[in-house]
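Hints in hand, dock the two standalone chains.
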Amino acid sequence: MTAPAHAPCDRPREVEAAFDGRLDAVAQAAAMDHARECASCGAHLRSLGSLRGSARSLPGVAPDADAMQRVRAAVVASRARRPSPLIARVALVAAALALVVFGVRHAHRHAPPAAAPVARAGGVDLAGAGTLRPDPGAVYRVERAGADTRIALTEGTIHLSVVHRRPQERFVVALIDAEVEVRGTRFSVDARAGRLRRVGVTEGLVAVRYAGAAERLVAAGDSWEAPAATITPPVRVDPPPPPVARPEPVRAQVPPSTASRDFRAGALAYLQGDPAAAATLLRRFLSAAPAHDARREDARYVLVLSLDATHDASTERAARDYLSEFPRGVRRAEVTVRLTQRLARRGACDDAAAVALGMPETADASLRAQAARALSRCSGNAPD
Amino acid sequence: MSARAQARPVLALVPEDDGVLLRRVAAGDPNALGVAFDRFHRDVYAVLARLRGTRLDLDDLVQTTFLALPRAAHNHDPAASARSFIIGVALQHARRERRSLVRRWRLWQAHQHEVDLPTGGVDPEHHATARQELAAFERALGELSHAHREVLVLHEVQGLKGEEVAQALGVPINTVWTRLHHARIALRTTLDAGGRP
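First to last, the sequence lines map onto chains A and B. If you're matching positions, the first sequence starts at 0 in numbering that gives the first Met the number 0 and goes up one per residue. If you're matching positions, the second sequence starts at 0 in numbering that gives the first Met the number 0 and goes up one per residue.
Isolated chain B, as found in the complex (with noise of 0.2 angstroms):
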């Protein structure tokens, strides 16, 4: 018996490949639409609050996505990530609910700094440090421009592979790169001009 057959679980009733699950969902199967909330919906929303810097409304975007899952399921290339394919539609809401709606960017810059950080621990002025650091990091990471901070969440942040991040942004893998290069001059400018994290 292989490894990985010995890893399935015993009472495995979806399947383990994401494709064939995303398959199920574009045929409309709802115990899918659920397994691959299950899932998904941890990184749809930890992509969405750190691109918008605000928790408003977040459910009611991740929801949307997840809706449009099933239609959209049918667009999702077997070969691909599923994870990025999900997390690319939710972009794609993402970037419509922006475009049409200038408040939210406001929204955007009067809560960008609403995400907690970590408090606590053994060493109170380590941590006070690393929180400031933080705190630093994630103001200049929220002075990106848009299409900047995508790519550095999506890659940086939640560590979404080169070719990952070019299919949720549904662009080249060479515009991934060169985004990312000048994301980091940028991020790295930014902090280095407010003092260095």
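One chain only, chain A, in its complex shape (with noise of 0.2 angstroms):
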């Protein structure tokens, strides 16, 4: 500072060293007293306070909102990564865990009412569940129910591309005979007076079960027909456009490998209700397939699901390697809920927040809300 007009003093670097903070308490109570019995060093002090003083009334500089914003977006979506055309393969696969349950004892249940044509050309807009397109003939009636959405099919094929659901909402096919449930999916239904006659499967991987038979696994680009001594001959008059000219799939008539089988038969004991099952299988199919298997996302996912239900110890390493051989996961979300609220339920709650940190911007908001719940219980504040 400039030497004010005072009787020179050694001390004004301490002094300035008191006013900055700099030193211990001792020696700050020191430096004080000094400036006070000082008049060079008391001015001293004075001007630092008066340069602090205009320092901290300079007005504040605010960016303008709406640039900020603007750049906000900017940022963040440079650095928001794209799905590859691999990803959204696999995206397809993996929100295509679908059900298709042909059950005995619910079939005179959900039997539908009489037939009601309600539309025979054209595709149909199900209100946000999905889209269906009928063939030439198809009798079909579309019934909501909150967010159920059940389709009663009497006679024809339907095709339908049905967006994920969540697991409270259910979206059905019924027949006579038959119930399909799926969670998300492209596929199409073929029915002959109500029965069940055809399921093929455009995405995804469903699961058949059939009265009296073994369930099976469809997956993409397969197809299960019922056995022809069930179906009852089309009495439609109209004639069926001319079928796609379709190869068979190769896989069809390869022998599935050990690790197929033992996908398969995975996916299938966590359908029936034996997650402990489906983990052992799961994990041996991890184990053999190889990074590119598309299904690996699949059976993390439901492998982290099947330890999750057995309340088993590594379902967190389960639900991390998920995340992280999958960074862009389909369900990303889903395995982040899950790992946060375990870490939370352990009470690890910073590891809880810095996994919903990487929750995908896109997810939904109850599973944003179900992964606040969490945390807000871990920090002893439940949401009231």
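Treat the hints as calculated values from the structure; they're not laboratory data. Careful: at least some of the hints might be erroneous.
As the list claims (entries may be wrong) - Simulated restraints on C-beta separations:
#	chain 1	residue 1	chain 2	residue 2	range
1	A	69	B	70	39 to 45 angstroms
2	A	320	B	146	45 to 51 angstroms
3	A	12	B	144	16 to 22 angstroms
4	A	309	B	162	47 to 53 angstroms
Glycine included, each C-beta is placed from N, C-alpha and C at the ideal position.
Written out as structure tokens, the structure reads:
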């Protein structure tokens, strides 16, 4: 500082250090006592305070909120990963952990009422649940009850593209002798006289349980057909459209590998309510399947669900493995929630918060709420 | 339950700890980057505005800072302040910009008083005086060397602690105090020569 018009003193640096809080308590007090007695250092201290006062009084420099929102969007977008075609394909597969349930014991309970044709041509928007494209002559009725969608199919073929359904949302195609339930997939259902004839899966994975037969998974590109004896002869007059030439999938002609059997059996075990067996089979599949196997994401996801269902201590490890192997996985939000909940349950609040931070921007609000509740409970602040 | 736990937001989906946040940024998490932006962009903007004296291209510099953050965040010491670290990243880019484009300096000179001062108040005469004093202070600040202006802006204007300033500037703490001492002398000299605020 410029020398004030006072008797010179050799302690201005000490006073300045005290002003900046650099000294310990004793030295601080001594320097301040000196400043009170020394005119030169007292003036120096006041000058320092004046400068700081002016500095802290400067008007705030606030950015334009709209401009910063644009900048923020650009910054975040630059880091947001775009799903690659492979990821998109895997996403479709993973989103189609579908159930096709042919339950004899439910046959009559879910028998549709008398056929009431409501649409015969063109695509039909299922109000957010997906789209339905009927072949000419198809007879069906769409019923909605809350978040549930039920399609009573009486005759013909319908092609469905179902968006991923949340656990509490059901999407069911009902027939006299069957019920087809999906979580999200693309498939077609063919019926004659109200009875199921064929299910063709375009995207996803479908488990088929048929009266008296073992359950079977049908992968994308594969199909399931009812045994000939149960097929009622077609009754409709309209000829079906010309069949689209489609080569038989090669994999249908090749005996499934051990890994494939493990995957199918593991998924099936989970669907049948045996998560412990599912975990064993899926782990075996994962240890054998190559890194590029498109089923690995499904396997890792179902493994997390299976372990979580049995309160297995390795659930966290499995969840982290999923997030690590599939950082852009379509099940990332669900896995993130599971992991957050488990971490929060055992009191690892910071870890839980760090995991929850990885929630995808596109995550469903209900999943975000689940994670938030877990964190709140972890911190002891349960929401009202 | 501790007071800290009670203070934690009920719907906190982001870590309170800035170190954890920067680790997520370093891992490439766009959500974490967004949170970091929300938390620190005002500090970055204010520091850059004070140092550059103009808002011209400031949005771009803020954007550049946060675009560079995921890579830079790998070098963050969890024990150190995240705010000063991010400000340090901004300063690096500001220096690069300043070095590479001489015209930026001219722009700074042309716009150094662009920052708006407060207006209005219950005592127009008092506020008129205060405005004059602050304007003089801003002018004196603008006449300091860049190194002196940096420490003054970070410590006195933005309120960063000495250690945080050292981290942001990448210099030893004693260098900060030395620069601050000389910056104060230079600032006081300029103010006294031009009329004490």
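Violations among the numbered hints: Hint 1 contradicted; others consistent.
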